Amino acid sequence: EADIYQTPRYLVIGTGKKITLECSQTMGHDKMYWYQQDPGMELHLIHYSYGVNSTEKGDLSSESTVSRIRTEHFPLTLESARPSHTSQYLCASSEEGAEQPQHFGDGTRLSIL
Amino acid sequence: SQELEQSPQSLIVQEGKNLTINCTSSKTLYGLYWYKQKYGEGLIFLMMLQKGGEEKSHEKITAKLDEKKQQSSLHITASQPSHAGIYLCGADYTGTASKLTFGTGTRLQVTL
Numbered sequence: 001e002a003d004i005y006q007t008p009r010y011l012v013i014g015t016g017k018k019i020t021l022e023c024s025q026t027m028g029h030d031k032m033y034w035y036q037q038d039p040g041m042e043l044h045l046i047h048y049s050y051g052v053n054s055t056e057k058g059d060l061s062s063e064s065t066v067s068r069i070r071t072e073h074f075p076l077t078l079e080s081a082r083p084s085h086t087s088q089y090l091c092a093s094s095e096e097g098a099e100q101p102q103h104f105g106d107g108t109r110l111s112i113l
Numbered sequence: 001s002q003e004l005e006q007s008p009q010s011l012i013v014q015e016g017k018n019l020t021i022n023c024t025s026s027k028t029l030y031g032l033y034w035y036k037q038k039y040g041e042g043l044i045f046l047m048m049l050q051k052g053g054e055e056k057s058h059e060k061i062t063a064k065l066d067e068k069k070q071q072s073s074l075h076i077t078a079s080q081p082s083h084a085g086i087y088l089c090g091a092d093y094t095g096t097a098s099k100l101t102f103g104t105g106t107r108l109q110v111t112l
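Chains as they are written, first to last, in the working numbering: chain F, 1 to 113; chain U, 1 to 112.
Read the hints as simulated data drawn from the structure, not as lab findings. Mixed in with the good hints there might be a few duds.
As the list claims (entries may be wrong) - Here are the simulated SDA-like pairs of lysine to any residue, each with C-alpha atoms no more than 20 Å apart in a straight line:
#1 Lys-99/U <-> Gly-97/F
#2 Lys-36/U <-> Thr-24/U
#3 Lys-57/F <-> Leu-78/F
#4 Lys-36/U <-> Met-41/F
These numbers come from a predicted model, not from an experiment.
This is chain U alone, in the form it adopts within the complex:
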């Protein structure tokens, strides 16, 4: 969707390195959801950030929402092979959390 741009499209990092994935919206966000997908499988919910801007952390993953920029970042600290997969952001433009618009994803590989 051109409403929601993710960058980079793909990323290869060495185990132990930090990385950041960005998700930028061209429209006002009510909420922003981060998911992880392994190839050929469904999406696993990671975090949800609310309109107004906030920051959440879970284990080694931190997500932030910058309301001014309408941009969210997902930061992984000390990456591990288990972090490999496709990270997708989903935007709620209606405030109902129902009809989400998804980005094209960032494919992350973690090398040993």
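Only chain F is shown next, with the shape it has when bound in the complex:
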């Protein structure tokens, strides 16, 4: 079992609120990722990081932002939540090197009213 944790698991919140989704891993992985997954749809990469102070946008445009101040922590923030942000958000991490699999957390299911 991979040691990667996401909180909260579920969040229902009103429009306009600022939200931070937490992701932590205890494996010392340099690479971390955020994916967005709508029901019945594929995962889309929205942010990734290759290490501390490194963040890049993924293939799917997102209004969220991320930070990587510590190796083990990769939080995702929405400054002003909207109903269009309703989705499942999955965090993953992997070791450096090709062929290293990504290990996923259990996800945060976000609903914006």
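Once you've looked at the hints, dock chain U against the given chain F.
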């Protein structure tokens, strides 16, 4: 993603039956990852297949990569209720295993 097609989209099999799920890429693969997802949860890594084509097995699950066809198959032998879930393939098109492209998944139900 249209770059990566999975088939079938859903599958219902009786316990004890064998089944195969396919993942076909329209671009050259550096690597192909298979994951399993239970509803509302994260992905569990199953197997990774390297460019060049190979076959791997773990318990009752066998995965193959056909380099010529750019296609991978996941075969489950003697299915059990514990095999139920969504199976996703993830393609590495860069050789870095970082920016994976995922298929839409195959939803598997195993009936008693």
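Would the pair Lys-36/U and Thr-24/U pass a check requiring their Cα atoms to be no farther apart than 20 Å? holds (17 Å)
CA of Lys-99/U to CA of Gly-97/F, is that 20 Å or under? Holds, because 13 Å separates the two Cα atoms, which is no more than 20 Å.
Tell me if the straight-line CA distance from Lys-57/F to Leu-78/F falls inside 20 Å. holds (14 Å)
So if I understand the rule, the pair passes when the alpha-carbon distance is 20 Å or less; does Lys-36/U with Met-41/F pass? Answer holds: Lys-36/U to Met-41/F is near 14 Å, not above 20 Å.
When each numbered hint is compared with the structure, no violation occurs for any of them.
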